[in-house]
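Quick note, the sequences are listed as chains A and B, same order.
Note that my numbering has the first sequence beginning at 1, numbered continuously upward.
Note that my numbering has the second sequence beginning at 1, numbered continuously upward.
Among these hints, one or two may not hold up.
[Said to hold, decoys possible] Residues from chain B that keep clear of chain A, each with C-beta distances beyond 10 Å, as calculated: (1) PRO2; (2) GLU28; (3) GLU73; (4) HIS82; (5) PRO84; (6) GLN92; (7) ARG100; (8) GLY102; (9) ALA105; (10) GLU111; (11) ARG149; (12) SER153; (13) LEU167; (14) LEU170; (15) GLU202; (16) SER229.
[Unchecked claim] Just so you have them, the derived chain B footprint on chain A, three or more residues with Cβ under 8 Å: (17) 54-65; (18) 180-191.
Worth flagging that the hints you see were computed from the coordinates, not collected in a lab.
Note that this is a predicted model, so its numbers are computed, not measured.
We put the beta carbon where it would ideally sit given N, CA and C, even for glycine.
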Amino acid sequence: METFLQQVVSGLATGGIYASLALALVMIYQATDVVNYSQGEMAMFSTYLAWSMLNHGVPYWIAFFATVAIAFVGGVLVQRVIIRPVQSAPVLTIVIVCIGLLTIFNSLAGWIYSYVIQPFPSPFPKAPIKIGRIVFGQHDLGAIGVTLILLALIYLFFRFTSLGLAMRAAAHNPVSARLVGIRVGWMLALGWGMAALIGAVAGMMVAPVIFLEPNMMAGILIYAFASATLGGFTSPGGAVVGGFLVGVTENLAGTYVSFIGTSLKLTVALALIIVVLLVRPSGLFGRAVVHRV
Amino acid sequence: MPALLEVEGLEAQYGWTKVLHGLSFAVESGGITTILGANGAGKTTTLRAVCGMLKTTGGIRFDGQDISGKATEDIVRLGIAHAPEGRGTFSQLTVEENLRLGAYARRARTELADDFAHVYEYFPVLAERRRQVAGTLSGGEQQMLAVARALMSRPRLLLLDEPSLGLAPLVVREILRIVRAINKEQGVSVLLVEQNASLALELADHAYLLETGRVVMGGPAERLRRDESIRRSYLGY
Chain A
1 METFLQQVVS GLATGGIYAS LALALVMIYQ ATDVVNYSQG EMAMFSTYLA WSMLNHGVPY
61 WIAFFATVAI AFVGGVLVQR VIIRPVQSAP VLTIVIVCIG LLTIFNSLAG WIYSYVIQPF
121 PSPFPKAPIK IGRIVFGQHD LGAIGVTLIL LALIYLFFRF TSLGLAMRAA AHNPVSARLV
181 GIRVGWMLAL GWGMAALIGA VAGMMVAPVI FLEPNMMAGI LIYAFASATL GGFTSPGGAV
241 VGGFLVGVTE NLAGTYVSFI GTSLKLTVAL ALIIVVLLVR PSGLFGRAVV HRV
Chain B
1 MPALLEVEGL EAQYGWTKVL HGLSFAVESG GITTILGANG AGKTTTLRAV CGMLKTTGGI
61 RFDGQDISGK ATEDIVRLGI AHAPEGRGTF SQLTVEENLR LGAYARRART ELADDFAHVY
121 EYFPVLAERR RQVAGTLSGG EQQMLAVARA LMSRPRLLLL DEPSLGLAPL VVREILRIVR
181 AINKEQGVSV LLVEQNASLA LELADHAYLL ETGRVVMGGP AERLRRDESI RRSYLGY
């Protein structure tokens, strides 16, 4: 029982990481109908920015918020400069452009920062907390907290601000959005900016656990896809729940199913994607999107 | 009365097919003008052209200002509201959110409460359905929502595209009655596009007849309604 609970707890910890990147994916999908395959690499690149600031002696939280701000501006720029020209192109074109971005960010990071694995500090204390016999890492708890705060902020933004409402309107029905005077192009850019911001936070929360290197997000992006698919690409809350579920499932499968171990863990995520797509394509909390023909 | 909207020699095409061939008409300030014509005559295209939703040549002036070639968002901000064909409501958002979006382009947010009160006075049923998702409204209610949302921007010119489409005659009468009230009480000029000519001519002061992208006749609605030969050959009733 104790092992079980301990595995659930550490599953939740990794799940928090998947959840935050899944949140970024859902964010862009909600705002612009695009699945951004380069989300992980953008997050990784932002984390490197934070890392070089920290290396120059900038205090953690200043570096944190500066990175978040730069990531936001970067996301807006990527949309305006690279995505906008292909916005009305077929889906496949946009997918290819996103994959192109993925390789660009990846090799750019390798070129600037090299492929040497770097440690990245956590803002939370190292000493683990024990409740009964179960051990909680403070960084894990902190990262989960940060993810939940992000989710709450996103919810409040979309639910209660005019800008959030306008972004939802622009995503659902761009033609009508223009007719009420919403600058749809900028709403899409804003969506990318916010996703990049969330990704940057995810990156800075992951890096202390898995260390910093250009390929750090490759596996995590797949888990994030599994999370978003499981929770539903149309539901930010669903994506977060999906993240925790994937984290726990993966961990339990690794512990209790002997042939899976650590080496086949990623396969669990892929299997999950396929099963969800077969059984409930809109995910646990998603709405089926009906396109009029 | 001076013209609020003046269109001159308007031409537009979809791909290689020309659909408007040098259209000219005017909407008088404070009045209701209607454009009549059969399916495919170019009525919807004309409204879309006024709102900058497609590429056109020719002159479009709103309140003396040239608006041809401007972006839809900017045209709308000048005081033109468009309740489009098929109603164009945000079907996944609530009635209240739809109305809030109607006022999005307006700077003065302080008077929002007044506007809601106003609009709910004209359309009491929308007040009842306030928290309901727009996609679950009946066709008539959705059309009301489209007009109400347009009204929220405090427009000077309201473009209405086929408000009668797919609705029961009684519902259509109710909606048009409200449009007339809005026109009289708020001084909003209206440009109405309709297939149902008899209804539109009853409502409008001025009418234009459109045939395959050209204006074939224009004049006071009264005259078109009385003229039997026009009625028979063009309006079919």
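Hint check:
| no. | hint | result |
| --- | --- | --- |
| 1 | PRO2 | holds, 25 Å |
| 2 | GLU28 | holds, 23 Å |
| 3 | GLU73 | violated, 5 Å |
| 4 | HIS82 | violated, 5 Å |
| 5 | PRO84 | violated, 6 Å |
| 6 | GLN92 | violated, 5 Å |
| 7 | ARG100 | violated, 6 Å |
| 8 | GLY102 | violated, 6 Å |
| 9 | ALA105 | violated, 3 Å |
| 10 | GLU111 | holds, 15 Å |
| 11 | ARG149 | violated, 7 Å |
| 12 | SER153 | violated, 7 Å |
| 13 | LEU167 | holds, 19 Å |
| 14 | LEU170 | holds, 27 Å |
| 15 | GLU202 | holds, 27 Å |
| 16 | SER229 | holds, 38 Å |
| 17 | 54-65 | violated (count 0) |
| 18 | 180-191 | holds (count 5) |
Of the numbered hints stated above, those contradicted by the structure are hints 3, 4, 5, 6, 7, 8, 9, 11, 12 and 17, listed in ascending order.
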